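Protein chains in written order, with my numbering: chain A, 28 to 508; chain B, 28 to 508; chain C, 28 to 508; chain D, 28 to 508.
Some hints could be false.
When chains are identical, the list treats them as one kind, so a pair holds in a single copy or across two.
[Claimed, not checked] List time: in silico DMTMM-like cross-link candidates among lysine to aspartate or glutamate, alpha-carbon distance up to 25 Å:
{"no.": "1", "residue 1": "K378", "residue 2": "D110"}
{"no.": "2", "residue 1": "K50", "residue 2": "E507"}
{"no.": "3", "residue 1": "K427", "residue 2": "E507"}
{"no.": "4", "residue 1": "K112", "residue 2": "E60"}
{"no.": "5", "residue 1": "K50", "residue 2": "D148"}
{"no.": "6", "residue 1": "K442", "residue 2": "E507"}
{"no.": "7", "residue 1": "K44", "residue 2": "D436"}
{"no.": "8", "residue 1": "K106", "residue 2": "E377"}
Simulated from the structure, these hints should not be mistaken for laboratory data. On a predicted model such as this, the values are computed, not experimentally measured, just so you know.
Protein chains: 4
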Amino acid sequence: MAIKDGEQYLRSINQLKPSVIFKGEPLTGDISEHFAFRGLLSTQASLYDMQGQEEYIDSMTYLSPHSSEPVGLSFILPKTKKDLKRRRAMMSLWASRHYGFLGRSPDYMNIALMAYVSAADVISPSNPEHAENLKNYYMYCREHDITLSHAFIQPAGTRLSALTDSFEDSIAAKVHEYNQDGMIVSGAFFLATQAATSEEILIYPPPTLQLDEHNPFTFAFAIPINTPGVTLVCRESYVHGDSTYDYPLSSRFEEMDTLVICDQVQVPRDRIFLYGNASVAHELAQESQFHAQVSHQTLCRYIAKTEFFLGTAENLAKLVDLHSDTMNEQISEIIVALEILKSLLVQAEEKAKKNKWGVMVPDKGTMLVTNTYFPKIYPRMVEIIQQLASSRIVMIPSEKDLQNDASYDLNKYLKISDTEAFDVIALNRLAWELSSSSFAGRQVQYERFFFGSRQNVINRLYQGYSGLRDSSELISRFLES
Amino acid sequence: MAIKDGEQYLRSINQLKPSVIFKGEPLTGDISEHFAFRGLLSTQASLYDMQGQEEYIDSMTYLSPHSSEPVGLSFILPKTKKDLKRRRAMMSLWASRHYGFLGRSPDYMNIALMAYVSAADVISPSNPEHAENLKNYYMYCREHDITLSHAFIQPAGTRLSALTDSFEDSIAAKVHEYNQDGMIVSGAFFLATQAATSEEILIYPPPTLQLDEHNPFTFAFAIPINTPGVTLVCRESYVHGDSTYDYPLSSRFEEMDTLVICDQVQVPRDRIFLYGNASVAHELAQESQFHAQVSHQTLCRYIAKTEFFLGTAENLAKLVDLHSDTMNEQISEIIVALEILKSLLVQAEEKAKKNKWGVMVPDKGTMLVTNTYFPKIYPRMVEIIQQLASSRIVMIPSEKDLQNDASYDLNKYLKISDTEAFDVIALNRLAWELSSSSFAGRQVQYERFFFGSRQNVINRLYQGYSGLRDSSELISRFLES
Amino acid sequence: MAIKDGEQYLRSINQLKPSVIFKGEPLTGDISEHFAFRGLLSTQASLYDMQGQEEYIDSMTYLSPHSSEPVGLSFILPKTKKDLKRRRAMMSLWASRHYGFLGRSPDYMNIALMAYVSAADVISPSNPEHAENLKNYYMYCREHDITLSHAFIQPAGTRLSALTDSFEDSIAAKVHEYNQDGMIVSGAFFLATQAATSEEILIYPPPTLQLDEHNPFTFAFAIPINTPGVTLVCRESYVHGDSTYDYPLSSRFEEMDTLVICDQVQVPRDRIFLYGNASVAHELAQESQFHAQVSHQTLCRYIAKTEFFLGTAENLAKLVDLHSDTMNEQISEIIVALEILKSLLVQAEEKAKKNKWGVMVPDKGTMLVTNTYFPKIYPRMVEIIQQLASSRIVMIPSEKDLQNDASYDLNKYLKISDTEAFDVIALNRLAWELSSSSFAGRQVQYERFFFGSRQNVINRLYQGYSGLRDSSELISRFLES
Amino acid sequence: MAIKDGEQYLRSINQLKPSVIFKGEPLTGDISEHFAFRGLLSTQASLYDMQGQEEYIDSMTYLSPHSSEPVGLSFILPKTKKDLKRRRAMMSLWASRHYGFLGRSPDYMNIALMAYVSAADVISPSNPEHAENLKNYYMYCREHDITLSHAFIQPAGTRLSALTDSFEDSIAAKVHEYNQDGMIVSGAFFLATQAATSEEILIYPPPTLQLDEHNPFTFAFAIPINTPGVTLVCRESYVHGDSTYDYPLSSRFEEMDTLVICDQVQVPRDRIFLYGNASVAHELAQESQFHAQVSHQTLCRYIAKTEFFLGTAENLAKLVDLHSDTMNEQISEIIVALEILKSLLVQAEEKAKKNKWGVMVPDKGTMLVTNTYFPKIYPRMVEIIQQLASSRIVMIPSEKDLQNDASYDLNKYLKISDTEAFDVIALNRLAWELSSSSFAGRQVQYERFFFGSRQNVINRLYQGYSGLRDSSELISRFLES
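With the rest of the complex left out, here is chain A (with noise of 0.2 Å):
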């Protein structure tokens, strides 16, 4: 089979031992036996192990076209509106089992990957050879099920360096030299979310604003995450103990963030992409309608997400059990937005359009609202669980303090009506952990940043939307009228 299962996957990213920095010092052993690691990679093994189980391989993988083995339905190349819907059920399962919290389950680079793709024929007149690449490369990560990471963000100080530096100097990431065998690539990314435990990464910095014909700044390429030259550099890890019980969410679903160092990589010719080119990667990210595709991953997560959200306000309203005003308005807030996600999302498939090469792309309006919409609720969602479980978490006991406790007995006094200690401390562990830890505080700045800031995303969305010249017809008719 094309689909590879948990224990593939675990011990292919154990093998690559890719060069991770961790606390300043290289990761070494098995990335699934490290503190900061093992949580997350036992949650995804159990994404890949759920695509092969019976219950499920039905509805989340295809035969593929090449092999007709079955594929993940992520990588699928939409054709119609039942392929979109059909990829939809899938993630939705994929997100039903992480909670909608990685925000790099695999769905999402594949998806990313079909996206550009499907807009290969844009290379193809200016570099034939690098549009086979990515076609090749696509159908290589499809039917060997690659586990793909990506970065294309540049630190904050490095980017204009591209335009204020001679090229010697630039800090900017850049070829230094392409040739028969390849190219050689310097340079940081930013953000690299789960690097470290992905087979390979995709590198594809949006193009520099320079217009030389020929820009050694342009470029897109994918290699194995273990090639000479690459570093991760590691962020602190906030997993803190393996308990579910004190850390119901970082000890399942902390990913790891990375800044990618690639210092003299040599990047193997039928790995090149783009090269040189910048009104051709211009248009790529254009056409491959990338924001359009992948939001249809994000979404089905933000409602996994929203969904688990609205249970925790819930549940904690129930234990205190006043229903307050104040509480039913919180409460009804999530509602509100889980419901008007679901509905974006049915209304994105149902206005999907198919683009000229016949690739089935969800409705771009609808996704661009979406993506301004949840990183302005995500942050109030979060607000709410602080509002509701109160001071209440401030202080929190830990699994040890109640196992540990006869002589002081938590017990007898933490239980609140008919729910146990027991239960009342894990609720509230969680609400912690989902509003105000390091965890919680980490998926907020995620989230909120996902597709850039805040001012980029409206502006993509200002700039995209098609209906606007529609209303603003409307209104020079009707003032004529």
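Model the placement of chains B, C and D on the given structure of chain A, informed by the hints.
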């Protein structure tokens, strides 16, 4: 034909001569000539005209199962999702004519009546005659295209009087006498919008809490608007002139709100739909799925109105042509609202379900969400117009100022770039009427409280949302996993 | 006495007969009899009456250093904090009479003129005559208790014309000719509030960016309001009746806004304060500390107005006597605003500093904060009134409805508990006028943009706040510690 | 000297060895060496050091009326506004040392104790001994510079148990026995912050509603923190390392919160301040003016903290040096908050009044407003830091990454313009700890609920605000005018 046209509508309204009090005096003469009503009546007549026009008749009517004549699609008892979509298409046409400003365009009450009649079987066991009356009345309205208004809220000080005062002294709406000929009713009802411009009025107060077997405060009926004993007290009119240049909205869309006072009104026997049985009254309110059905109409209206705001906002921004980040964000807020409303409509139809009597009902949860969402964003959209229009709308000249300005040359000073003063002022006057005038103020209050106080609307959602239990259990299972 | 009383004021206003355009026609007859002006004029006359009354004269006047006659305290050149406190006490008395609804009660311009004259020495080096003119004019106004208005903003499309068009074609306000007798000026100015009810007008457009040595777009002067060539174009009036029952606010406090058009206006030589020198104009604007000084007046006004909102909110809540959590929160929001405004006033005086000319200036930072804060909370207070008044204000009967209701008995149905219908309706009409009428809408825009666009007000604060550097360095030191 | 220094403080804390449970195990060894406490203790020791230093001693102490030794100014029973200003100056010095992050720097409890003792005469009539105990205890604390903590909130499930269960079974805090030697108490109390780093603890639960003459659930007392039967259960520590570079805040300011469990605790007779009399307990709570007095301290703290946020925000904005409108607006929001807090402090002192025992109390209304305002703006300031820091803080390297980066050269890629990577990262780590870490999350909850739930704080204001009646009557008079 069973559908009427604008001329028939105006003739009927003028002939009825109900008792209307305007500024403390009885209104005399043709209503269609009165400055406070003529603009509205002209707009409403144009709605009736539409449905008979060749361009629209097929999409706005269906063949009556009774008479085989074309009747208005808003009367339809929908049995399929396709029926819902047809009904929506019809309502969207009307909404696009009045841009959502008419809260009581006739389709609203047509659907309300249909909703009640769809659950008429709730009444049958206790009183088959009343159930039959309701069905006959629906058919009468549909076949004669009756323009209906309704009243159900009692003034703040009166309702409690049913519980605290003797029956004789009580100022709550009540049935004095119930006999072979019908019943005699007194009471006051707030906020019958467009009562003076309707042919009939349906009066159906929410049942009181009194649980006596025979409850004289529980009833429902419909009567001609000119029935003796019925007085309609108007509020101040916000029509300040006929000029569509100076008053682009109020000159066309100012619906009059009235207080309805019934003094010993004789209700004919065949117009009684409910009497004395509070539990049946409650059940009918519930089983009719009133909110889910009429919200199908209001949602079409919300979309048309939001589109109007979007166009106005965009044109205001284009006028000064700065497109600051702040402006883009403000306009994007309206885009987001518009697409959310459209999505909610798609989902409401997509998830519609048949009730036990085989009537197709738009998804209740989606509709309750809509009814919570719109009252929150509507005032915000008004505020966005205020912000975009800025101090420019504090002083706006009028049509006459432009006509007579030989000596002071407004045209010279008030044009902006290529936009002539005439067009600048037209847009500013629209912005004023939409955001800051008495007309605007009444619209804000109307939309804010359309389905009741914020707390009522939220509690209706919180209690009626079926997904809450699922989410709650999801978390309980997660914590046990 | 140098101070005037109401009768003198009205006589003067009626005698001036400036060129006022109302609904496209020249206004004739006594302004004090015109429906759109009489309520305002009566209120303003009562302000002038106050200052001469035995009860108030000591706290509202001081002895002129010139004439030893009592003159209005708002004219004072404050030298001590005690002077500031006296001035504030005087302004609070006027504000408590008009409840903060008059944006241009005479004290505003009195302080504005004082601010400019306090920095007149900025003008002397380049033109001692102009500096002298300004000082003389201030003394003239103080000794004759002149009612002054002002204009400085040019219509959106005109200002740029100074840069883009030839001098001849330019529609920016400009000096055509400057000679021994004075100067000839043309141009349009937005939003002179109360111009038609003032005796004089001060015109002082912000200097353009043009840096020519001799700049015909830079000037300042004051002239009698009836100077030939000056036309005042009124907006629509929001006075809809004289009844203080139906229109408790607009019948008393509706200030007219006008567009001022100057067509070849001859300015006498002794009334020119600035001409041609843009850098002096900039310096005067800066050194006068205009914002810090006039904000002392506006802050008194804000406090009176906020107190008015608080009382209205509380009475609305008491009417239905539920005191839900939501109501308490809404009212508390206004309490918080009121006490914050009061505190800002205390601090502004406490931290006041003398400028280089020995004039005591309220703390600039505090005042810039106030000017950012109030435009944000004012619309929110309006919204709170809307929320508390709820749908009850959608339909409110009028005074005449109550007088003539023999046949339909409003009194019976509209009382709430012990509050008679007459009082219920009076409160509701107030809530309507305060929150939803055209009068309310104009007040919202007026307060929102009183000191310019939100962005301007914020940038003025951000750039003018001296504490920013300290805070920044605090953090730098902390990080190094 | 009566004041202690840091060394004395640390020695005392280490010697006491109270029963502290940390991660389910008793804490052994010196607390000042424990990773979770050492940073905090070092900061707190530096506070004690300050007051004895020549630079500060005059402004931080006053001469004890008892011993004529210098004692801490936060103990003073203020009699004049000057006393308040001296106290404020002292507290501002401490707050500027801990930047407002310590919710329980010693001055807080010093003022709380002073507030209770100022109203000790409330206790005298019913029990002169208890009143005397309280006075003596205050003197003891002042003369020995005792570090005091307190506890008064009971866990959500326990308090009702006083009413619903038998005395024997009740899990509400209660007095088992009261006799010649003192009393025996059991119960649990939430959220004693810094209990493990204090010398004594004051326990004073709000009186229950039970109105029996003799109420065993009503009491107040203070005991040494190491009294047998007292167990302090710690929450998880948010100290994740000693590096002040990586953890600039938590390494210094992480206050531990504990659950206090009393199991048959023997309270000595001379430490009982209240017993059995619920009405006296209520009166003491009221008459002590607890909120108005301690808010004097919290307001100083709020100001220091807000200034810290302002500096951080400004430095974040300067780092990327764009100064967009949005950034200016965000920073201005913090400026507004800072100046409002400062103004509230000025007014609270300016309007302070003596109570019936001659103690000067900061203006109550102003303080209740402050307590409503800060919990609302604090989370918003946190959000502003998140927005300004953007996705840059999702992945931040650590000190060790910078030290060992020979092979991957972080310095090269992470500098921004002229700011070295070392400083960029330092600022980002601060932004992370301030806005997104567990430390930040706990601070948000702590500030949000410092004086109780939002609803409690609001109702306290609404009911305690004396200006409400005046405003209400103002409107009534206006409507009658």
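- request: Return the numbers of the hints above that this structure violates; sort them in rising order.
  value: 4, 5
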